[in-house]
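**Q** Can you make the complete structure from the sequences, with help from the hints?
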Amino acid sequence: RKEVEQDPGPFNVPEGATVAFNCTYSNSASQSFFWYRQDCRKEPKLLMSVYSSGNEDGRFTAQLNRASQYISLLIRDSKLSDSATYLCVVNETPPGRRALTFGSGTRLQVQP
Amino acid sequence: DGGITQSPKYLFRKEGQNVTLSCEQNLNHDAMYWYRQDPGQGLRLIYYSQIVNDFQKGDIAEGYSVSREKKESFPLTVTSAQKNPTAFYLCASTGRGQETQYFGPGTRLLVL
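Protein chains in written order, with my numbering: chain A, 1 to 112; chain B, 1 to 112.
Treat the hints with care, as some may be off.
[To be verified] Not the full set, but computed from the structure, chain A residues with beta-carbon under 8 Å of chain B:
{"#": "1", "residue": "P44"}
{"#": "2", "residue": "L46"}
{"#": "3", "residue": "S83"}
{"#": "4", "residue": "L87"}
{"#": "5", "residue": "L100"}
{"#": "6", "residue": "F102"}
{"#": "7", "residue": "G103"}
{"#": "8", "residue": "G105"}
Bear in mind the hints are in silico, worked out from the structure with no lab data behind them. Ideal Cβ positions, reconstructed from N, Cα and C, are used throughout, including at glycine.
**A** Structure, rendered in structure tokens:
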């Protein structure tokens, strides 16, 4: 079983739509969670951290459900520029290591 | 401008050849990381370094080597022992006490 699992998509949505991605993680001891955005053939960039109480940044809302071990990302009023791959990222922190574990990503294509 | 630079953008390797990928950061970050990304896959950790003159193997270190002689630099050598080196290589760094990783633009390695 993968440590971080995501639906690869693609999610094809029209402009203005609301779209949601989920991600599940296997290590219940995970402490920190993030969503990164990766454009085609580019490096990943931090979109937002995910806090236990849920957090919002403009059109983007992230939620964490520790009991079910999943993270979600909601995008409202989708723009063409939102088209990208969204990576779910978890800090697994084995002892002595502070590296992140990345999901394979969910691809979003927003269409005019 | 502060940031992470990687060079070259594209690199071609002949069979049996060692090649070195450069990663430099001027963010004064302590920790640096190397990841490999294959098409449709998440990022996999190759090596990481939390401090100068120290580094640790990640999940897929076989066929790779690194050095960390300076805080700013963390070069990755892809040796001839790495039988499937074609991939997108990403370098990242993190500040002390932080978890967010910042990525360089990546190097695409292709085998001739």
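**Q** Can the hint on A:G105 be confirmed by a CB-to-CB distance to chain B that is less than 8 Å?
**A** Given a least distance of 7 Å, the restraint on A:G105 holds.
**Q** Checking hints one by one. Is A:L100 an interface residue toward chain B, by the C-beta closer than 8 Å rule?
**A** Holds, about 6 Å.
**Q** Holds or violated: the hint that A:P44 contacts chain B, with Cβ atoms closer than 8 Å.
**A** holds (6 Å)
**Q** Would you check whether A:F102 satisfies its interface hint, that is, whether its CB is within less than 8 Å of any CB in chain B?
**A** holds (4 Å)
**Q** Does A:L46 meet its interface restraint, that is, does its C-beta lie within less than 8 Å of any C-beta in chain B?
**A** With a closest approach of 6 Å, the A:L46 hint holds.
**Q** With chain B as the partner, please determine if A:L87 meets the hint condition of a C-beta pair closer than 8 Å.
**A** holds (7 Å)
**Q** Does A:S83 pass the interface check with chain B, least Cβ-Cβ distance below 8 Å?
**A** Because about 17 Å separates A:S83 from the closest Cβ in chain B, which is outside the 8 Å limit, the hint is violated.
**Q** Does A:G103 pass the interface check with chain B, least Cβ-Cβ distance below 8 Å?
**A** Where the cut-off is 8 Å and the nearest Cβ of chain B is about 5 Å from A:G103, the hint holds.
When the structure is compared with the earlier hints, a violation turns up for hint 3 alone.
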